[in-house]
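Go ahead and model the full structure; you've got the sequences and the hints to work with.
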Amino acid sequence: MAIFDLDFFLQQGSFTLSVTDRSDCRSLALFGPSGSGKTSIVEVIAGLRTPSRGTICVGNRVLFSDKSGINLPSRFRGIGYVPQDVLLFPHLDTRENIIYGCPKGTVAIERLAETVEFLNLNAILDRQVSSLSGGERQRVALARALLSDPDVLLLDEPMAAVDLPHRRRILQVLLRIRDELEIPLVYVAHAPDEIATIAEHVLILEQGRLTMAGLPSEVLPKQAY
Amino acid sequence: MNPEILQIATFTTLAALIATAVMLVPGVAIGWLLARTNFRGKALLETAVSLPLVMPPVATGLLLLWLLGRRGPLGSLLELLGVEVVFTPGAVVIAMVVMGLPLLVRTARSGFEQATKRYEQIAETLGAGPWRVFTTITLPLAFRTILAGALLGFSRALGEFGATIVIAGSIPGHTRTLALGIYSFAEMGQNQDAAILLFISIAIAFTAVLVSNQLTRDP
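Just so you know, the protein sequences line up as chains A and B, in that order. In case it helps, our numbering puts the first sequence at residues 26 to 250. In case it helps, our numbering puts the second sequence at residues 3 to 221.
There may be inaccurate statements among the hints.
Across the chosen pairs, the derived CB separations fall in these ranges [unchecked claim]: (1) A/Leu240 - B/Pro28: 57 to 63 Å; (2) A/Gly159 - B/Phe41: 21 to 27 Å; (3) A/Ser155 - B/Glu86: 53 to 59 Å.
Rather than coming from a laboratory, the hints here were simulated on the basis of the structure. Note that the structure is a prediction, hence the values are computed from the model and not measured. Beta carbons are placed, not taken as given, at the ideal position from N, Cα and C, and that holds for glycine.
Dropping the structure here:
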C-alpha cells in the first residue's frame, strides 16, 4: 500500500491541470479522454514537469512542495517510469536497456536473473530493441523500470502498443508486480476494463480537472464489470 | 610528379585533421549549449560562431592577424611566452579551426535538438546523474550527427583559402595548403600540378561530404 497525496496546480501554455486527491491503495488509475491531463499527472509525479504550486507525496516521501521549497530531481524520486511510447534506448541492446538503472554488483546480477525470469525475457536478452514486438518492448521497459528498484511504478498506457492476446498476459504480470513484489502502481489507461482489473482507486479526469475519484466500481462505467 | 604536390597534400590533410580534433570539444560543447540551454548572451554567441560563415574569409583572416599579430592582444601575450603564430603551420590550423567550427557547431546543435530529450528524461528517472546521462545517452544518440559535423568541418578546413593566406601566407614547404597550392600553380602556369591538386581536393572533399550525408540520414 502507498499513500498518494496529490494536491497541485500545473499551468503550461493554455493548458491547466488541477488535482486534489488523497488515497491509500496498491494501485491508482488515471482515466479520461485524450488531453484530459493523465500523462501530465504521471510526468508531474516523475518530476518531468514542475507544478506551479502544491504538494505531491507518495508513500512517506515529499516529492514536491512549493511551500517547503522541495522539488526532488527525477533520479531521487524512487520511481520507475514506463512512458506511453516506451522509449527503449535505441543504441543499446535489450540487456543493456534492462540493466541501465540497475546498480552494478553481485546483487544486481541476481536481480537481473530474477526479473528476466519473472517477465520471461530470456529469449530476447541479446536482441536489438528495434527488432522487438510491441509486447516485448513493453516487458523490456517494465524490466528496466523494475531493476531501478522503484518505490512506485508509473505506467502510462502500457497496453497502447500491445495486441489483444498479450494484454491479458501483461495485466497478469502487472498484478504480480503489485501483489508479489509489493510495488504500488500508478496506471494510465483508456480502457475501463483494464482499470477495473488493476486499480483500487480511480481518478476520472476531464480537460485538466478531476471530476470524480473513488473505487473503480463507484466511478467507472457499469459495462467495465 | 612534382614532389611539392605530395608535401602539400600531406601537410593540408594533417593540418585539417589537427584542426578538426581541436574544434571537436568546443564545437560539441557550444552546439550542446545552444541546443539545450537558455542563457544571457545566447544570441550573441550564436551570431559570433556563425560569423565566419557569412564574412569574407579574407576579412576573418585580417581579424585573426590583428588578434594574433605581434602587436595584437593575443599575439603580444604569446610573444612574451616566446610563441609566434603568424606565418607558421600553427596559423594554418587556427584559420582552419575558425572557418570549420561554425559547420561543426550547427550540425552538432541539430543533433542535440533532435529527439534525445525524452530518452534523457527516462535515463534520469532510472537514477542517472547529468554526466552519466550525457555520456551514455546524449552523446551516443548524437554521435552520428557530431561525426557528420566533424567531417563537414574537416572539408571546410581542407578548402580554406582566404583566412589562411592572410594569417599564414603561402610559403612553399611551410604553410602552403591545397587551395593555396592550386592558386599558386595556376598563377605560375603549372597547370598540370594545379590539376593534380584539384583532383586530390575534389576526391577528399567528395568522400568527406558523401560520408557526412550518409551519417545524417536515418540508419
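*asked:* Hints numbered earlier in the text: which of these fail when held up against the supplied structure?
replied: Of the numbered hints given earlier, the structure breaks just one, which is hint 2.
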